[in-house]
Amino acid sequence: MKLLRRVLLGAVLACGLAGASHADEIRLGHTINPAPVAIFMADRQGIFAEKGLDLRLEVMTADPVIPAALLSGSIEMGTVTVTTFLSAVGNGLDLVAFAGTSSTTTTSKDVALVVGTNSGIESPADFAGKTVGVPGIGALLDVMFREWLKMHGVDPASVTYIEVPFPQHAAQIQAGRIDAAITPAQFAATMVTEGHARIVAHPVTELPEGQQTVLVASTREWAAANGDRIAAFRAVVARAQEIGKTDEEAIRAGLSHGMKLPPEVAARAPLPHIDVSLSSAQLAFWRDALVSQGRIGDNIDLDTLVLP
Amino acid sequence: MALAAASGRRAPPRGAVVPLATIALLEVAAFLFLGREDYTFAAPHDIVLALGRALADGSLPAATAQTLSCVLAGLAVGFALGVMAGVALGLTPLLDRLTMVSVELLRPVPPAALIPLMLLIAGFGFQMETTIVAFTTLWPTLVLSRAAIRAVEPGLIEVARALEMGTLRRALAIVVPSALLRLFVAFRLTAGIALTVAVVVEVVANPRGLGYGMIVAAQTLHPETALAYLVWIGLLGWGLNALLSRIEARFLDRFR
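Residue numbers (the working numbering), protein chains in the order written: chain L, 1 to 308; chain W, 1 to 256.
Because the hints were derived from the structure by calculation, they are not lab data.
For every residue, glycine included, the Cβ atom is placed at its ideal position computed from N, Cα and C.
Please note that the accuracy of each hint is not assured.
[Stated by the list, open to error] Which residues of chain L face chain W? A few of them, derived with a C-beta cut under 7 Å, are:
hint, residue
1, Ala68
2, Ser74
3, Pro167
4, Ala171
5, Gln172
6, Gly176
[Claimed, not checked] Some chain L residues well away from chain W (every beta-carbon gap over 12 Å; in silico):
hint, residue
7, Ile137
8, Val154
9, Pro208
10, Asn299
11, Thr304
[Stated by the list, open to error] So the derived list for chain W, only partly shown, Cβ under 8 Å to chain L, looks like this:
hint, residue
12, Leu26
13, Phe31
14, Tyr39
15, Leu119
16, Gly123
17, Val203
18, Val204
19, Pro207
20, Tyr212
21, Gln219
22, Thr220
23, His222
When you get a sec, could you build the whole thing from the sequences and use the hints?
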């Protein structure tokens with residue numbers, strides 16, 4: 001009985017500790033993704049605190065849970081991929097975006113299209129009839145890969161897509177269960193090092209320049225009530241972006257801090273193109289891609305989704 | 001076990017042979033095939049070291065407390081409701097017929113399908129996970145306890161009728177005690193389900209507990225820590241079942 005009482009008491013304490021957070025704190029949910037590195041840098045260097053923001057980073061297990069987490073009040077801010085954001089808004093969730101994180105450039109190595117060494121894929125046309133691992137159907141990289149296929153004249157419907165979480169891409173390619181995968185740089189690099197796969201394309205380099213990939217969002221209600229804190233947040237990430245322009249080490253330290261990567265992986269990971277600005281034009285490519293892939297209706301007004 | 005073997009009084013249990021041999025084999029395989037940088041697998045000794053580190057820095061005990069609190073609370077609610085509903089349905093065939101469609105429709109709802117809904121309603125945390133665990137454990141408990149009640153010796157029910165006992169008295173004095181053993185088996189089975197579901201909820205969405213620790217370790221390319229969490233979850237499930245089996249043997253044997 002004594003033991004039982006102790007277990008129950010422990011359980012209650014654990015719940016209390018897990019739920020504790022104070023009123024002024026801003027919880028920012030993010031996934032393990034290099035794009036929001038300006039936020040990681042600012043957190044590591046204490047710039048949020050300097051500007052009077054009590055910001056706490058929380059790692060979320062998956063991008064699609066972030067809109068629901070915002071809406072339920074579990075977090076106040078979240079970094080979310082443009083496609084998840086637009087799909088959520090398209091489904092009626094009242095979210096707004098108020099900052100970018102990093103944007104596409106023609107030199108970006110953030111995302112790699114990897115094929116198994118024995119997959120027989122040599123050119124884009126070879127993808128027809130193959131099985132490709134994507135992080136989620138409708139996820140940013142899935143949408144990106146389908147657009148990439150279209151750009152190369154391949155019908156996206158000729159490919160089989162399988163949802164495979166990033167950490168499992170390497171094992172699934174090695175086992176031959178998928179022929180290829182679209183995956184972030186840090187996973188691609190380890191697959192190539194291990195010798196199971198090679199990189200055939202960096203699809204971001206073929207996208208229009210300056211498109212945002214990951215946004216910082218909140219509910220419209222929270223944004224309306226916290227204009228000053230959003231302004232402070234924007235100032236902080238802009239400052240981090242400035243620091244990053246001259247200090248590559250600071251970016252790597254930020255990546256290591258936010259993504260908790262092993263040091264040797266952080267040291268060789270391609271750095272994202274930090275761009276914390278945000279305008280509706282920077283979302284247009286994704287909106288058009290989602291509409292053409294039938295994932296959202298064509299009635300979304302981007303201007304109402306970006307806070308001025 | 002090592003102590004017993006060293007003293008020569010008792011040989012190690014035969015059940016340990018296969019796991020120990022597997023670990024040895026994996027260690028050899030890791031030595032032969034695992035590259036210096038591998039972010040998918042890890043050698044058993046690295047997993048043990050990671051387990052030690054996670055235990056020492058307090059992250060594993062904290063995550064265990066978070067997961068177990070949800071398992072216990074969800075199980076308590078789900079099991080209590082399931083037994084009450086199961087006893088009621090087992091004793092009153094009319095009620096059983098009336099609710100059959102609803103039960104059969106709700107029972108197969110996969111727990112993972114509730115995650116987005118519960119996330120919107122409750123947000124992250126204890127309530128969301130506990131509710132999903134309770135929902136998932138309710139149905140097998142209901143079905144197993146309904147079957148347990150139906151399996152009660154009809155003669156006993158006749159005796160209760162002859163003694164003109166009311167429904168409640170009949171349930172408490174005759175039916176539940178004679179179904180106790182089967183109800184406990186139901187509890188043992190649903191406890192395993194509860195742990196599985198809690199970990200799944202944490203892997204998919206809830207940023208707390210063992211499942212969360214495991215998935216974040218995998219995403220941040222620390223496979224030894226992710227596998228250490230996995231081993232720990234396995235040990236926890238095994239321990240939970242062993243504990244309940246012991247309780248069953250200790251207290252419930254007289255009902256056999």
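| field | Violating hint indices (sorted, rising) | value | Violated hints (numbers, rising): 5, 6, 12, 13; every other hint is consistent with the structure.
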